[in-house]
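Asker: In full-length UniProt numbering, the protein residues as written are 1 to 507.
Incorrect hints may have been included.
[Stated by the list, open to error] Below, computed lysine-lysine pairings styled on DSS-like, alpha-carbon distance capped at 27 Å: (1) 426 - 358; (2) 112 - 394; (3) 327 - 426.
In case anyone wonders, no lab produced these hints; they're calculated from the structure.
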Amino acid sequence: IEEIGRKIANKCEGLPLAIIEVAKILCKTQRKVESWKEIAESEDPLVITIDDDTHISKTLSLSYKMLPQHLKSCFLYMGGFIEPTSLSKSMERMAEEYLVDLVSRNIVLVCKGSSRGRIKTCRIHFLFRNICISEAQNQKLFHVIKKHPNNFPEGTNRQRGLCFHNNTVLGFKGVHSLMESVSTARSLLCFGPQHQHPLRVYLDFPPLRVVEAVTIRFYKFPLQVIQLVELRFLAITYDGEIPASISGLCNLEVLIVHRHHESLTSRYAHACLHIEIWVLRKLRHLKCMEDGFDGPVNILENLLTLSGVSARSCTRGVLGRMPNLMKLGIRIESLHEAVGTFNSLGDFSYLIRLESFKCVVLNPGFGSQDVSFTPSFPVNIRKTSLMPNLEVQKLRWHAFRGPEWETNGGEFLGLKVLLLEDLDIKQWRAHETGFPPLRRLIIRHCYKLQEIPFDIPTLESLEVDYCDRSSAMWTREINKVVRDSGNKPLKLRFNSSWEDNKRKPKP
1 IEEIGRKIAN KCEGLPLAII EVAKILCKTQ RKVESWKEIA ESEDPLVITI
51 DDDTHISKTL SLSYKMLPQH LKSCFLYMGG FIEPTSLSKS MERMAEEYLV
101 DLVSRNIVLV CKGSSRGRIK TCRIHFLFRN ICISEAQNQK LFHVIKKHPN
151 NFPEGTNRQR GLCFHNNTVL GFKGVHSLME SVSTARSLLC FGPQHQHPLR
201 VYLDFPPLRV VEAVTIRFYK FPLQVIQLVE LRFLAITYDG EIPASISGLC
251 NLEVLIVHRH HESLTSRYAH ACLHIEIWVL RKLRHLKCME DGFDGPVNIL
301 ENLLTLSGVS ARSCTRGVLG RMPNLMKLGI RIESLHEAVG TFNSLGDFSY
351 LIRLESFKCV VLNPGFGSQD VSFTPSFPVN IRKTSLMPNL EVQKLRWHAF
401 RGPEWETNGG EFLGLKVLLL EDLDIKQWRA HETGFPPLRR LIIRHCYKLQ
451 EIPFDIPTLE SLEVDYCDRS SAMWTREINK VVRDSGNKPL KLRFNSSWED
501 NKRKPKP
């Protein structure tokens, strides 16, 4: 009972009001494991709507009613996203400010922060979830479908959005008949388990502006999308070529095309984005695993994010036509591609607004051949996954190989955050001036790592997840060095799967 009680308390997500209300329910429940388990495993320990005549409903409703109008709209739209899946924040600065405001009011919870201290993923507090959904339906913002409906409630045909929290219901023929009645829909959000079975998605909504259907695998490109001239946001999973007719979506701002398979080893391995992609002048974010671009013809001055494309596409002739690019993510699949690519990627300095660069190697088995790569980045670069202003460095999944990593002084003069994950490194040695401003160090799944540099006096936070047994020892040692230098004790997070994980380092 006590262990189950802790799980129930954790679901209250730190809100005293929720704990009190759940405790009232438990007092009226039989003191049996089965009864408490039922509450612990329920999606919401409390089901509250904005129309409930209860103290807690009135209290929460007041919190909602006191929000400024612009935050009300943001809050209600978040209710359409499935729980407990986190909602990735918008990259737009104004949207981020709205999220920060909602977080400060304890209505939205931050699930994951970025390495630069910003919101990466977030979700609505469970207490507000049903209030949010019920009020959104009252405001005709959207209708949520969690299971097969025999019919839609009265007024659904005037809703501006449909949200499927279980996309498998789209397999029922009757659902499409019901969807046809909602001719005013401007948003279609499909969530649920990701599976390979095809689902027919009704898309014949002329006013549709948002299609979020990444969890649904399309075996053929949904050509109905091409008719949606008002479309701003399109996110799907599809392994084929994007048709040239996509150029008709002149209002499109976000295009995300995931692949069912991470590596393009199919007959589409050399698929290219058609020249028509350059017609989408309003495009702001493009994430698509394609091998290249057909010759650029226009300047995409609004494009801020380009992600998932083959490295050999990233020539100056292509990227030079994206003058405001802030985030670039490329992929490399073979040694032959790597050698040629690194030679052509020598200079990014012309991308004067570039802040983040990520390079993913899908086939790290390059053997022992040396590849020389000394890229030139713009002076305002802040984050890279592969320079004096570099602030964030992430080395993941065999980003380099070998038992020893030795860094010299003057190489990372601006580095504030360093992540080492899934590397075969054994010893890490650094010059005493190697990381002068380093504040946050994260080490994950480096099972062979036995030694790290202790002389990092500026360190404020150390996270060690599932490393060698000796990690507890050097975690304590580096914490002692920081304290002896007169700084505050480290913020420590230590997780271990070893049998002696109870001997965790003490702050």
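Asker: For each hint, tell me whether it holds in the structure or not.
Answerer: Against the structure, the hints come out as follows:
1. 426 - 358: holds, 25 Å
2. 112 - 394: Holds, at about 16 Å.
3. 327 - 426: Distance of about 32 Å is beyond 27 Å: violated.
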